[in-house]
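*Asks:* Protein chains in written order, with the numbering used here: chain A, 1 to 366; chain B, 1 to 366; chain C, 1 to 366; chain D, 1 to 366.
Wrong hints could be hidden among the right ones.
Stated by the list, open to error - Derived DSS-like pairs (lysine-lysine); straight-line CA-CA distance at most 27 Å:
#1 B/Lys313 to C/Lys75
#2 C/Lys186 to B/Lys21
#3 D/Lys174 to A/Lys143
#4 C/Lys49 to C/Lys21
#5 A/Lys88 to A/Lys21
#6 B/Lys49 to B/Lys143
#7 D/Lys174 to D/Lys21
#8 B/Lys49 to C/Lys21
#9 B/Lys49 to A/Lys268
#10 C/Lys21 to B/Lys43
#11 B/Lys313 to A/Lys266
#12 D/Lys43 to D/Lys174
#13 D/Lys174 to B/Lys360
#14 C/Lys143 to A/Lys360
#15 D/Lys43 to D/Lys21
#16 B/Lys75 to D/Lys360
#17 A/Lys75 to D/Lys21
#18 D/Lys313 to C/Lys266
#19 C/Lys49 to A/Lys360
#20 D/Lys360 to B/Lys266
#21 A/Lys21 to A/Lys43
#22 A/Lys88 to A/Lys43
#23 B/Lys266 to A/Lys313
#24 D/Lys21 to A/Lys43
#25 C/Lys21 to B/Lys143
#26 B/Lys266 to B/Lys43
#27 B/Lys268 to B/Lys313
#28 C/Lys88 to C/Lys43
#29 C/Lys21 to B/Lys75
#30 C/Lys43 to C/Lys143
#31 D/Lys49 to B/Lys360
#32 A/Lys257 to B/Lys43
#33 D/Lys75 to D/Lys143
#34 C/Lys21 to B/Lys21
#35 A/Lys49 to A/Lys268
#36 A/Lys88 to D/Lys174
#37 C/Lys313 to D/Lys43
#38 D/Lys268 to C/Lys186
#39 D/Lys75 to A/Lys313
#40 C/Lys43 to C/Lys186
If you are wondering where the hints come from, they were derived from the structure by calculation, not from laboratory data. Model, not experiment: these values are computed from the prediction.
Number of protein chains: 4
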Amino acid sequence: MAGSVFGNQFRIMTFGESHGKGLGVTIDGCPAGLPLCEEDIQKFLDRRKPGQSAFTTARNEADAVEILSGVFEGKTTGTPIALLIRNKDQHSKDYSNICDKFRPGHADYGFFKKFGFRDYRGGGRSSGRETAARVAAGAIAIKILASMGIFVHAYAKSIGPVHISEVDLDEATKNPLCMPDAKAAKEAQAFLEECIRQQDSAGGVVECIATGMPAGVGDPVFSKLDANLAQAIMSIGAVKGFEIGDGFLAAASTGSKNNDAFAVEKGKVTTLTNHAGGILGGISNGEDIILRAAFKPTPSISREQRTVGEDGKEIPITIHGRHDPIIVPRAVVVVEAMTAITLVDALLSNMGARLDEVIKFYGREL
Amino acid sequence: MAGSVFGNQFRIMTFGESHGKGLGVTIDGCPAGLPLCEEDIQKFLDRRKPGQSAFTTARNEADAVEILSGVFEGKTTGTPIALLIRNKDQHSKDYSNICDKFRPGHADYGFFKKFGFRDYRGGGRSSGRETAARVAAGAIAIKILASMGIFVHAYAKSIGPVHISEVDLDEATKNPLCMPDAKAAKEAQAFLEECIRQQDSAGGVVECIATGMPAGVGDPVFSKLDANLAQAIMSIGAVKGFEIGDGFLAAASTGSKNNDAFAVEKGKVTTLTNHAGGILGGISNGEDIILRAAFKPTPSISREQRTVGEDGKEIPITIHGRHDPIIVPRAVVVVEAMTAITLVDALLSNMGARLDEVIKFYGREL
Amino acid sequence: MAGSVFGNQFRIMTFGESHGKGLGVTIDGCPAGLPLCEEDIQKFLDRRKPGQSAFTTARNEADAVEILSGVFEGKTTGTPIALLIRNKDQHSKDYSNICDKFRPGHADYGFFKKFGFRDYRGGGRSSGRETAARVAAGAIAIKILASMGIFVHAYAKSIGPVHISEVDLDEATKNPLCMPDAKAAKEAQAFLEECIRQQDSAGGVVECIATGMPAGVGDPVFSKLDANLAQAIMSIGAVKGFEIGDGFLAAASTGSKNNDAFAVEKGKVTTLTNHAGGILGGISNGEDIILRAAFKPTPSISREQRTVGEDGKEIPITIHGRHDPIIVPRAVVVVEAMTAITLVDALLSNMGARLDEVIKFYGREL
Amino acid sequence: MAGSVFGNQFRIMTFGESHGKGLGVTIDGCPAGLPLCEEDIQKFLDRRKPGQSAFTTARNEADAVEILSGVFEGKTTGTPIALLIRNKDQHSKDYSNICDKFRPGHADYGFFKKFGFRDYRGGGRSSGRETAARVAAGAIAIKILASMGIFVHAYAKSIGPVHISEVDLDEATKNPLCMPDAKAAKEAQAFLEECIRQQDSAGGVVECIATGMPAGVGDPVFSKLDANLAQAIMSIGAVKGFEIGDGFLAAASTGSKNNDAFAVEKGKVTTLTNHAGGILGGISNGEDIILRAAFKPTPSISREQRTVGEDGKEIPITIHGRHDPIIVPRAVVVVEAMTAITLVDALLSNMGARLDEVIKFYGREL
């Protein structure tokens with residue numbers, strides 16, 4: 001299957017490899033009339049950009065985005081919006097020591113078995129660099145949501161063994177690990193520095209909250225809002241787990257504790273707790289949507305590892321080059337992007353749910 | 001969006017409500033030539049059927065399946081296979097005490113906000129009964145996989161606070177909780193009996209293993225095999241979390257421990273560990289595929305709960321009727337079904353990945 | 001690919017064979033709140049039903065429809081609507097003389113090459129009987145459109161060499177050939193009687209007009225309204241040509257004649273002519289949508305024909321059994337159905353085209 | 001709906017406007033291992049390029065294509081192939097006289113009603129220039145087909161009142177009108193010269209033949225091969241009619257004449273005639289696939305025409321600028337492209353039709 005398309009009404013298709021000419025995405029189905037310029041997108045790409053701290057690869061990429069289509073006189077026209085990010089720093093690398101070996105924890109072997117050969121330069125399409133295209137598309141989705149009063153924020157909830165104790169969204173924008181807890185961020189930095197010394201890498205958990213989502217959005221039974229979010233988030237490289245609301249903790253709870261009682265507050269239906277994470281039966285209930293993604297440790301480590309070559313023989317491998325010791329801080333904005341894309345798609349798909357509203361909508365014409 | 005379709009090359013569409021005339025599914029894209037009779041499907045439905053132990057609802061449903069199309073002279077023809085399961089025991093219930101109130105933990109409120117009204121009889125389309133259609137389709141997918149040497153097995157990994165200590169697949173078919181550990185099953189039964197006494201309910205975790213899956217299957221970047229599995233599993237009612245391989249544990253590991261070293265065994269590439277759960281970069285690597293689903297406690301409990309009515313006023317609710325104190329044992333076969341459907345779809349989608357194989361395939365014709 | 005699904009937001013999946021247990025369709029994405037009962041659907045099926053005149057097969061089928069799901073208290077709920085039409089008169093036939101031969105003009109050979117074997121009973125899935133499921137789904141689409149002031153009417157424009165000279169929609173419901181011109185209908189009847197005497201069959205053209213369609217609907221560049229209509233209509237068995245507006249005549253016209261000048265009438269933008277058939281650039285322009293489908297002659301004729309058997313050897317074939325000498329009269333309602341399904345899908349898909357309207361739509365919630 | 005995606009297994013998404021930065025397409029699902037360079041694509045774009053004769057717009061565009069991704073060491077990798085064609089000559093135009101008026105025969109009014117505003121520069125997304133992206137993607141599809149022995153050729157069958165009398169494919173590459181008949185080409189040139197003098201435009205019919213297509217490909221009932229071809233071809237701007245095989249002529253034929261008798265030739269099943277155009281019941285039968293597209297006259301003519309402005313008032317319009325007096329010659333390669341894309345998608349989708357072949361395919365792994 002052609003696996004580089006996501007979404008139905010708001011639909012994106014990405015392309016590009018780590019060491020090719022560039023990365024890009026086309027967004028189809030973006031509503032007309034959204035004010036949009038390159039800077040709107042660039043600020044999100046800058047959050048994902050490498051080289052911003054000791055904990056991200058030293059690769060030097062401007063990640064400058066160019067809008068190729070779909071915008072006229074500063075507004076989206078409703079036609080496809082193509083975005084291009086050219087690679088700058090992709091030529092110098094020597095891959096001779098890994099080009100015929102399968103890196104453990106990487107997609108190399110799967111790509112080789114599937115396609116018969118592979119682009120060994122920096123992982124090709126399975127590089128983390130692929131997510132730049134997701135972020136570019138996500139920036140547009142985030143701007144659409146903001147125009148409707150819906151906001152999406154993600155942060156690092158844990159890094160290796162270090163968990164946050166508080167959520168200060170402001171703080172999450174200040175420290176290089178995107179942790180919303182200054183104390184935890186310091187501990188995590190110390191932990192990561194030790195990882196680097198050990199030629200090792202770490203994982204972590206990203207949490208994402210969407211506020212302002214109206215109730216009644218989601219498409220049971222297979223395109224439930226949480227099912228679509230799960231696909232969106234699990235499709236990000238290195239994600240091995242997904243939770244909505246209390247997630248795995250709910251499995252150990254009881255119905256009386258886990259059920260969120262409905263109540264009325266200022267004339268509006270709300271819930272007294274939010275174990276469900278804003279989605280029940282696959283449909284939003286108007287509460288905050290809360291999800292989490294578990295990121296595995298960066299598979300590229302500089303220690304020697306056991307592996308196998310394309311010739312089917314065992315051989316040791318040592319991976320040189322620039323690699324993040326942890327994926328999480330740069331992945332935070334990717335989780336926001338994929339969440340936002342999924343929400344916009346669900347909102348647009350939902351507009352035809354009631355006949356009276358469809359009739360009213362087209363009544364403008366009749 | 002029309003949310004009742006799943007899959008691309010092997011595509012299913014389900015229908016039906018808990019208290020309507022019945023449930024069903026149409027499977028489109030099933031390869032021609034699979035021997036298929038109703039008994040092949042019935043045996044899977046029987047595993048999901050209510051009324052089989054003290055821990056499942058007393059509702060009396062034969063769940064007898066009828067094949068309406070797509071099979072001729074005992075074999076699938078390649079055309080759509082429609083399966084119908086008529087409801088038998090759906091008429092007697094009195095819903096007057098809940099028909100205008102939103103049950104906590106249920107989809108009632110979301111359906112009401114989305115569609116403007118709702119089928120209050122037993123949850124309508126958001127009832128667990130909807131999964132019967134998934135199991136019926138899954139039975140066919142499981143039979144296809146078996147013909148290729150691929151086998152899917154799920155079981156209860158935990159129920160409430162009780163976790164298994166061993167995996168004895170045979171045992172999982174013997175106890176009513178589908179736990180592959182007789183001792184844990186006994187403890188879980190005692191725990192559930194206490195839950196029932198407390199008018200409460202419990203959750204749990206289902207684990208599923210697929211063996212024999214060839215390497216090289218999955219469609220990056222959005223239709224990665226684990227991303228599609230995540231959507232498939234998260235779309236099952238009451239699932240709040242999904243993991244592949246080590247899942248959330250991977251987030252606390254290090255690269256050196258989490259990477260699965262490649263090795264050669266009997267001339268075949270394999271990995272020395274399987275933290276990845278058989279999928280790397282969204283493509284199968286030939287190892288066992290291992291996934292987990294976290295099920296929340298059954299939301300329907302007989303204790304009085306706080307809620308709100310359709311009139312927007314707070315009101316207490318007491319839910320009568322037949323409800324499982326735990327979803328997990330009956331969900332085990334649903335997880336197998338959704339896993340199998342996803343794997344078959346991926347296998348069929350993958351056949352055009354290499355030009356040389358496409359040319360060879362059609363060479364039979366040329 | 002799974003080819004039995006059509007539409008995106010309003011999506012149908014059909015199943016069933018001529019001589020299996022029955023035919024059916026599931027409609028997913030039907031807006032909630034449409035009053036619907038079996039009689040709403042039955043009256044359209046009755047128009048397609050066999051045995052109604054000398055020009056349709058004598059097969060005796062009640063074609064009684066059963067609504068299996070998606071309707072509660074007389075209204076659609078927004079969940080999938082499954083419709084089942086059981087076959088009654090499918091058992092008696094003797095197919096021994098054709099079961100291993102390929103009928104000329106039929107899908108037999110293609111099915112055999114694709115699937116390795118085929119359901120030879122009455123054509124199986126490629127029987128004209130398959131269209132009953134389309135008509136059932138179309139009845140719902142037609143009812144949705146009517147609630148919005150959009151009406152779809154089709155009729156026979158020509159039968160064999162006989163063309164209509166006027167369009168009297170009322171007349172089209174009175175004669176067995178669905179021709180909107182009583183004089184032409186008589187001539188066509190005489191022509192068909194001669195065809196029957198000659199053991200031969202005839203073709204014809206169906207024209208369909210949709211009135212009341214709002215301007216601004218359609219999704220360039222690949223899901224243009226006319227492109228989707230073309231797929232819908234060409235997917236009906238025996239259709240070999242499709243036209244929108246002037247169709248092939250436009251190819252011989254000039255720009256100055258073929259362009260429809262815009263004008264203002266009663267404060268509304270309209271066009272002075274309608275060569276375009278209501279669609280420009282793939283988007284409706286508010287004028288009547290006019291399309292035509294060319295139906296080939298019924299391939300089943302009772303004359304002996306040359307053909308080949310499954311063993312690859314030439315052999316003569318004589319097709320016995322009940323066959324319409326012309327497909328057109330029974331196809332008229334099928335064309336209406338597929339047109340209506342396509343229009344509803346386009347209308348629902350179009351609601352998110354402008355950001356200001358999306359914001360206003362969800363403003364009800366915020 | 002997002003309407004800029006076409007295909008399922010071989011899936012393309014296009015973007016770009018006539019007067020924006022450029023046009024492009026991403027091809028997802030292209031099998032790995034196809035040798036591909038920019039010249040392979042350029043030669044098809046050159047056939048569509050403006051400024052090549054007196055009968056095409058004088059706009060000066062190199063239409064130089066850049067491959068942005070998906071190719072490594074001269075071969076496709078199986079990942080998305082992005083192609084970019086930058087506009088060169090898009091800046092100078094003065095649109096002040098049409099920017100607030102709806103051009104008759106154009107998509108202006110529909111775009112305005114759908115999106116609330118429009119890109120008035122040269123038609124934006126509804127410009128014929130959009131087809132460059134189709135041709136670029138089609139060049140890849142054509143190369144895939146050629147590797148399998150399948151060849152696609154289109155030519156002008158008629159221009160205005162001038163019809164061809166013979167099909168000399170070689171001749172079609174020599175004259176500027178792509179007519180496979182030198183004498184007809186001369187007459188058509190004289191006719192077009194008169195059109196230009198009259199400040200008018202002309203239409204015509206393009207015919208396309210695909211040879212070498214294996215039998216058994218196509219996905220009934222909605223994704224029949226001819227239904228998908230119809231959508232593909234009708235989605236090309238200015239196409240108003242589509243035929244497969246005898247098309248509308250079949251409607252006036254009889255079964256005994258229209259049925260193609262099967263026969264055996266050199267041990268292969270074939271048909272004695274090809275009225276069906278290579279497709280029966282939506283599945284290829286191994287004969288040549290023959291289709292036709294009716295193109296309306298270019299709507300942009302320099303005569304004054306009646307129209308309406310965005311303010312809803314009647315106003316005359318005179319369209320200046322560079323416009324082809326006929327679309328057909330440049331559309332020939334677009335028809336080839338869309339045909340090839342549809343065939344490749346169908347071939348890839350078809351590989352899982354038989355279980356025995358699926359098992360054999362994956363047997364390489366087991």
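*Asks:* Check the hint pairing C/Lys43 with C/Lys143 against an upper bound of 27 Å on the C-alpha distance.
*Replies:* The given pair, whose Cα atoms are some 12 Å apart, holds under the 27 Å limit.
*Asks:* Is the Cα-Cα distance between D/Lys268 and C/Lys186 27 Å or less?
*Replies:* Roughly 45 Å between the alpha carbons, so the hint for D/Lys268 and C/Lys186 is violated.
*Asks:* Holds or violated: are the alpha carbons of B/Lys49 and C/Lys21 at most 27 Å from each other?
*Replies:* Roughly 25 Å separates the two Cα atoms, so the pair holds.
*Asks:* For the pair supplied as a hint, C/Lys21 and B/Lys43, is the alpha-carbon distance within the 27 Å limit?
*Replies:* At roughly 22 Å apart (the allowed maximum being 27 Å), B/Lys43 and C/Lys21 satisfy the hint.
*Asks:* Is the straight-line distance between the alpha-carbon of C/Lys143 and that of A/Lys360 27 Å or less?
*Replies:* Roughly 16 Å separates the two Cα atoms, so the pair holds.
*Asks:* Hey, C/Lys43 versus C/Lys186, does the alpha-carbon distance stay inside 27 Å?
*Replies:* holds (25 Å)
*Asks:* Between D/Lys174 and D/Lys21, is the straight-line Cα distance small enough, at 27 Å or below?
*Replies:* Violated: D/Lys174 and D/Lys21 sit about 32 Å apart, past 27 Å.
*Asks:* Below or equal to 27 Å on CA atoms is what counts here, so check C/Lys21 against B/Lys21.
*Replies:* holds (18 Å)
*Asks:* For the pair we were handed, A/Lys257 and B/Lys43, check the Cα-Cα distance against 27 Å.
*Replies:* violated (36 Å)
*Asks:* Is D/Lys49 within 27 Å of B/Lys360, Cα to Cα?
*Replies:* violated (36 Å)
*Asks:* For a C-alpha distance cap of 27 Å, please report whether C/Lys21 and B/Lys143 respect it.
*Replies:* Distance ~23 Å between C/Lys21 and B/Lys143 Cα, so the pair holds.
*Asks:* Keeping to a limit of 27 Å between CA atoms, is the pair of B/Lys313 and C/Lys75 held or broken?
*Replies:* With a Cα-Cα distance of about 26 Å, the restraint between B/Lys313 and C/Lys75 holds, given a limit of 27 Å.
When held up to the earlier numbered hints, the structure conflicts with 2, 3, 7, 9, 13, 19, 26, 27, 31, 32, 35, 36, 37 and 38 and fits the remainder.
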